[in-house]
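There are 2 protein chains.
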Amino acid sequence: MSQQQNDFIKKCFELAVKAAGFVSPNPMVGALLVKQDKIIGEGYHQKYGGAHAEIIAINSATEALTDSTLYCNLEPCCHTHKQTPPCVPQIIKAGIKKVVISNLDPNPAVSGKGVQQLLNAGIEVITRVSENEGQELNKFYFKFISNAKPYISIKIAQSIDGKITEEKNKQTWLTGEEAQKYVHQQRAIYDAVLVGAETINIDNPELNVRLVDGRNPKRIILDGNLSLNLNSKILKAADIENTWIITCNGIDNEKLFKLKEKGVRILQMPADQLNHISLIKLLDELAKQKISSLFIEGGSNIFSQFITEKLFDELIILQAPVVLGKGLSAISGSVNISLNTIDTVKLGKDIKMSFRKCD
Amino acid sequence: MSQQQNDFIKKCFELAVKAAGFVSPNPMVGALLVKQDKIIGEGYHQKYGGAHAEIIAINSATEALTDSTLYCNLEPCCHTHKQTPPCVPQIIKAGIKKVVISNLDPNPAVSGKGVQQLLNAGIEVITRVSENEGQELNKFYFKFISNAKPYISIKIAQSIDGKITEEKNKQTWLTGEEAQKYVHQQRAIYDAVLVGAETINIDNPELNVRLVDGRNPKRIILDGNLSLNLNSKILKAADIENTWIITCNGIDNEKLFKLKEKGVRILQMPADQLNHISLIKLLDELAKQKISSLFIEGGSNIFSQFITEKLFDELIILQAPVVLGKGLSAISGSVNISLNTIDTVKLGKDIKMSFRKCD
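Residue numbers (numbering that gives the first Met the number 0), protein chains in the order written: chain L, 0 to 358; chain G, 0 to 358.
Okay, chain L solo, but in the shape it has when bound (with noise of 0.2 Å):
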């Protein structure tokens, strides 16, 4: 593969991530139209539903596209009965040459067939350029298309002796302004963020994206027995459709009503006798209601559920400098769990460690 290629999909990956958080349960695409070494026409898939990035790019172009190149990190669309029409048959339609991706595309209804309709119309097709940093880049597509699961990132802020707490039902507020911005980051590419009611009875947090700029998430609270404080931030937000709570069915309650007369959404699940909710059939739920990232925040039981089930992808550990001695261990029970370490880096005053669970 050539540095040239190399680096026109590199600029695809750029154009693509601008849309990080919009276009989700859809993948981030960008797409490049190079004549001459030349770039002549440019596109990304900006919203969910609206026009894809090859189309964007024909649409820009300023010259003629026969002989031209085509880059685009996912393979072309060509299946129908969905929001747009294929791409592949407009990328032969108007001329283009050559066609160099990153990705195959992992739905079944794309994967290979994209490429197997544009050989068969004459045109050279180059697989498999920086296909790591693609599949990185679409981690959330790549996982919800295969496995009808979200990409679930646990976030964890500690102490140097993973204690998230001084004291059980009391905050201690651990990490700096620049860890902070991160989660806000974080908050605005991920389809959802998840606590559990304690976390929001204890924290009382907002779960929003205010230090950066971006779309806020959904705000899942997990509360298998409604003990959600109805004076919480988190029942106040402007956009209160997008404050979810999953409790149990058959909670049937005058606490339901009341949420309900506030705007959120409730989704109701089953559970055993103790009102724990199944995080699979949960996840399954989240799933079909196109939730195809998951970003969770706390607290200590729920780290400790969907670490000890092996329900995640991604362990963020934002480390404060801070030994607390005593305290809330962030994750506890039986788990013994062995993981890749992704990589480190300092956040101001924090240290954030990212690892992903072994296949």
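What you were told as hints is all true, and nothing was included just to trick you.
Copies of one chain are not kept apart here, so a pair can be met inside one copy or by any two copies together.
Straight-line C-alpha distance at most 30 Å; calculated DSBU-like pairs for lysine-lysine:
1. Lys348 to Lys148
2. Lys325 to Lys280
3. Lys142 to Lys348
4. Lys325 to Lys348
5. Lys148 to Lys325
6. Lys232 to Lys169
7. Lys287 to Lys254
8. Lys325 to Lys167
Worth flagging that the hints you see were computed from the coordinates, not collected in a lab.
Could you slot chain G onto chain L? The hints should help.
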């Protein structure tokens, strides 16, 4: 300060650090002689008791030293009553025109006086070039000279949830080869490693340098009750005189005799009724024994005591990509201490994080 000055001082640091582990409790010092932008001589203090960097550089000079500049990371010495004659008179005698240094020597017998003697002889002196890097290079020396205590680093290899073993009294091997190499590199530069007897009895470590080139540190075992297993590997070391056991005054039993017979050195210290040795008194004693740097490797009780009493300079976490959930916490007790983050870096599959105690 010119870039050229910084570059030459940096070269002094590179020379100086070649002697890491061999000059303690002296500082590491490198020296360059420069004439018309050309290096005409260089040297470094290679061994405790050996010639100073400045003198080696002067003796190595390939040209006459008139009009030359001496670069040296530490203020040249001017005091007598020590193993080597003072450097300042020899610098003056050599006809050197200018001296550029990084740090003033914190040793009160020198501090500023060396510079003053050079100035009095009509030599131009520039100080504080790359001062912070110089201080970092000689952090052991600066601490030892200023506080009459060793520089103390606590190294903890732990899981993401702050555990050092899956089960008390059982070893769990958490970190990989690169992290272990890092530990051996540190052992090769600290004067001594320190562990509790429990760590010896459970892990049976050798605490020497095997994975990298370097000299072995002294191995200090804190053992108030003399619970050390007599078959430990550490008691079979070829350099057994470098294994020191710290125990209580008044213990005078058969085991003490057997240990002495093996050739280890026994230091007896005051202790409380539970045979807990006063750490402050221990550090005073180690300083008297010219231990200027101490690398603390375990276990949980030792970590917790040193951290709770704030008797450390650096905390180094080797974070294995593992969640244990249950197990023995690295640190326990009522600590609540804030640190400064120094840096973070991937070491193979693990992550190293360094923190420093706030002033």
